[in-house]
Amino acid sequence: MPIVYPHKTEMPALEPDVRRHNWEEVATGYTEARAVAEAQRCLQCQDPRCEIGCPVNVPIREFIRCVALRDFDGAARAIRRRNLLPAICGRVCPVEHQCELHCVILGKQEPVSIGRLERFVADWQRAHPSNGAVEAVARRPGKIAIVGSGPSGLTAASDLAQLGYSVTVFEALHAIGGVLRYGIPEYRLPKSIVDEDVEHLEQMGVEFQTDVIIGKTITIDQLLDEEGYSAVFIGTGAGCPVFMEIPGENLKGVYSANEFLTRVNLMHAFAFPAFDTPVLRPKKAAVIGAGDTAMDGVRAAIRLGAEEAHIVYRRSEQEKGARDEDYRRAAEEGAIFDWLTLPTRYLGDEDGWVRGLECIRTELGEPDESGRRRPVPVPGSEFTMEADLVVIALGTNPNPLVPQATENLDTDPHGCIVADTATGATSREGVYAGGDIVTGAATVILAMGAGRKAAAAIHEYLTEKEKAR
Amino acid sequence: MATVIEKQDLTEITKLFVVDAPRVTHNARPGQFVVLRVSETGERVPISITNFDAAAGTITLVVQEVGRTSGLICALEVGDEILDFAGPLGKPVALPESGHAVLVGGGFGAGAVFPLARELRARGVTVSSIVGARTAELVILRELLEPVSDHYHVCTDDGSLGYHGFVSGRLEELIESGAGFTSCFAVGPMPMMRAVAEVTRPYGLPTMVSLDPIMVDGTGMCGGCRVTIDGHTKFACVDGPFFDAHKVDYDEAVARSKMYVDEERLACGLAGVGS
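Residue numbers (the numbering used here), protein chains in the order written: chain A, 1489 to 1957; chain B, 12 to 286.
Worth flagging that the hints you see were computed from the coordinates, not collected in a lab. No experiment lies behind these values; they were computed from the predicted model shown. Be a bit skeptical, because a hint or two may be false.
[To be verified] 20 Å max Cα-Cα, derived EDC-like pairs, lysine to aspartate or glutamate: (1) K1740/A / E1895/A; (2) K1740/A / E263/B; (3) K258/B / E1846/A.
[Said to hold, decoys possible] Which residues of chain A face chain B? A few of them, derived with a C-beta cut under 7 Å, are: (4) Q1528; (5) Q1597; (6) A1660; (7) S1680; (8) Q1691; (9) G1693; (10) F1696; (11) G1736; (12) K1740; (13) G1840; (14) G1844; (15) E1846.
Cβ atoms here follow ideal geometry from the backbone N, Cα and C, with glycine treated the same way.
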C-alpha cells in the first residue's frame, strides 16, 4: 500500500514493479492541470514565509501565482531571477526542511508542494525554450577560476558570467556536475538536465576544463601568479568517504557509497559490459546509513538486481536524514528498513569476500551533540545478517587536495576551509570558498546559495580593486 | 586532451608511450601517476609515470597489456588523442638526500623507478638499480635506467641474462656482500614487492613500495583503492602510492586486486583479448 498524501496534488510516477528494473526517472512530473490545481492551494500570503526558508530566496509566491494563472513563462522568469538550476532543485531540494516547512497551511493541511511546482515550471521551460536569445552582457576585465563544477561552482560561474567576467571552471573528473553527476542517480536526476544547464553556461561564455585537479595539476597560487586569474572560488565539496573503522571494512564487496554510486552513475557500470567499468551485482545488499545517499544506494542496489536490500541505521526512522519522498520511493521499491541496528563488524569468507554483518540492536538515549537521541547498544542483542554487498553511506569529509596544496589557507579541525558565511572570503586575498568544502556535507541548494554569495563578493572585490588602480 | 607523440614496443605486450601533456608535467614529481580513459565507454585507470619532461611538456608511460583496458591503451598509435589524461596524482615519494639507494624494478616496474633514480642522482645519492624479467628479451628500459645508476644489475628467471633468479634474490646477495644500502624503493608486481619487503625486513633497511590497487577517480573521492598500512586504512591515490613496505597488509591488497576477475574475463572475452 502506498502511503497516502491526501492534500498535496499527487505527482505521477512509474509503478514500483516497473522501475525496480530500469534506471528511468521515477517521478514523471505534474501535468499542466495538476500544476494549476496545486498552485491554487497557495494562499498567496501577504508575508510569504516560505521564501525565508529558501537558501536562494526564490520568489515563491510570485511564481506560484503565475502557475495558478497558467502564465508558465512568467513563472519560469520569476524563478530564474534567483535560481539558475531550477530543474535540479525541483528534484533534489529537501523541501520539507526548507520552504515547505514554513508554509502557513502546514499543520492544518499538507503544505503546498513548492518543490514539485518548481520542477514543473523548470521542465515546462525546457520544453518551451524562449525565443529571446541570451542577452549579450558588457565584458568586464577580470578572469575568475572556479574550482569544482558541482552546485556551488556552477552557480558562482553563472552569476559571474552574467556580470561579464571571463570564467573558467576546473573539474577533476572527466564530466561536469560534481555530485550531480557522480552522486545522484539517473532515476532521481536525469543527466540530460545537468547537460542542458552546462550547455546554457557554455552559451553564456563559461569555459569548462575537465581532467584538471586543482592542487595537483595546477595550484591555486599558480592560477593567481602564473595564469593571470584575479580571483578564485573553491567549491570542491565534501568528497572523502567516511568509514567506521570496524573489522572487515576492506573485504571485497564493501563499498563506500561514493564508489558504488560513482561506478553506477559516472561510469555507467549498470550497463557493463557495454561500458567497461564493472560493479558487483548483489543478491542481498546492506546499506549502512539513512540519509539521501543511503536511499540512492539502496535503490541502486535494487535496480542492480538485489533480491533483498536493507537500510541498516543505528537510530530510528524519525532521525533519518533522507528526504521524505526518496524514503517513500525506496519503501515502495521494496527496501527493508532495519532501524536501531548498529553494524559492529563485517564477516568474510576465506577468499576475502563479504558474506554478512554482525550487528547489535540499539535503543535511543539522551540527545547527543547533533541534537538527536544517542543510540545505545542493547547488551545481548547481537545478531548476524547475510549480505554479499555492503554500501557504507555514513557521510563524507571535505576533500583535502586543495587545502593541502594551498599555503595560508585556513581550515578548521574537520578540514573545512574557513570562510566568511556572508561572503565566502577565506584567509587568502582573492580566494573565496563555499558549499560542502566550507560547511561539511550539506545540500545542493545550500551550496548554490554559498556560490551565489561568493560571486557577489568576488564582484565587489574586483570592482574595488579596479577603482583603486 | 593529450596526444601520443611516440610509441615503442618494449616487448610483445609492453608498450612505451610518450604523450604530449604540458599541463600534467608542470608539477610532476617522482612517484606520481596519471589516470586515463581512452573511450567514452572506458574505465578510468591509474598508470605510473615513467618519465616527465617539463621543458618538452611530455609524460612517458609504460603499459603492459594484461586485460581489456590496458589492451585498448596499448592499441593507441602515434597521433592518437587520449580522451582523458589527468594528473599528476598521488603524493610524490619522499626521497633521501644522501646515502645509497637501491631501486628494484620488476617487469614494467623498471620504468616507474626511473624518475626516482634520476632525482636521487641529482641529489648526490648513490643509486643501485636491480631490474628483473622472465627472460633476456623481456628486460626493458636498460638504456633509460643504466645511465642514471651507479650500479646496474639485471636478473632473469631463466638465467639467460645476468643473475639467474628473482630480483629479491639478487637484492639479498648484494646486501649480504656489504653493498651498504641505506634505502630501498621497489615497483613491480605485488609478489615481487612483497618478496623485496621480506628480504629487507631483517636488515631494517627502510623500504618503500608503490601500490597499484583498483581505482576509480584517483582523487580521494571513492575509497576503492584503500589499503591497510600498519593496521590503518589508507587511500593509495592520495596517501600513496608509495608506502612503507614493512607495514603493508599484502594479503588484503592481493585479495582486493582480484575483486573483478570474473568481470574482467567477461570483458576480455567480448573484446577478443586475453584468456
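Hint-by-hint comparison with the structure:
{"no.": "1", "hint": "K1740/A / E1895/A", "in the structure": "violated (38 Å)"}
{"no.": "2", "hint": "K1740/A / E263/B", "in the structure": "holds (9 Å)"}
{"no.": "3", "hint": "K258/B / E1846/A", "in the structure": "violated (28 Å)"}
{"no.": "4", "hint": "Q1528", "in the structure": "violated (45 Å)"}
{"no.": "5", "hint": "Q1597", "in the structure": "violated (42 Å)"}
{"no.": "6", "hint": "A1660", "in the structure": "holds (5 Å)"}
{"no.": "7", "hint": "S1680", "in the structure": "violated (16 Å)"}
{"no.": "8", "hint": "Q1691", "in the structure": "violated (22 Å)"}
{"no.": "9", "hint": "G1693", "in the structure": "violated (21 Å)"}
{"no.": "10", "hint": "F1696", "in the structure": "violated (13 Å)"}
{"no.": "11", "hint": "G1736", "in the structure": "violated (11 Å)"}
{"no.": "12", "hint": "K1740", "in the structure": "holds (5 Å)"}
{"no.": "13", "hint": "G1840", "in the structure": "holds (3 Å)"}
{"no.": "14", "hint": "G1844", "in the structure": "violated (17 Å)"}
{"no.": "15", "hint": "E1846", "in the structure": "violated (19 Å)"}
Against the hints set out earlier in the document, violations occur for numbers 1, 3, 4, 5, 7, 8, 9, 10, 11, 14 and 15.
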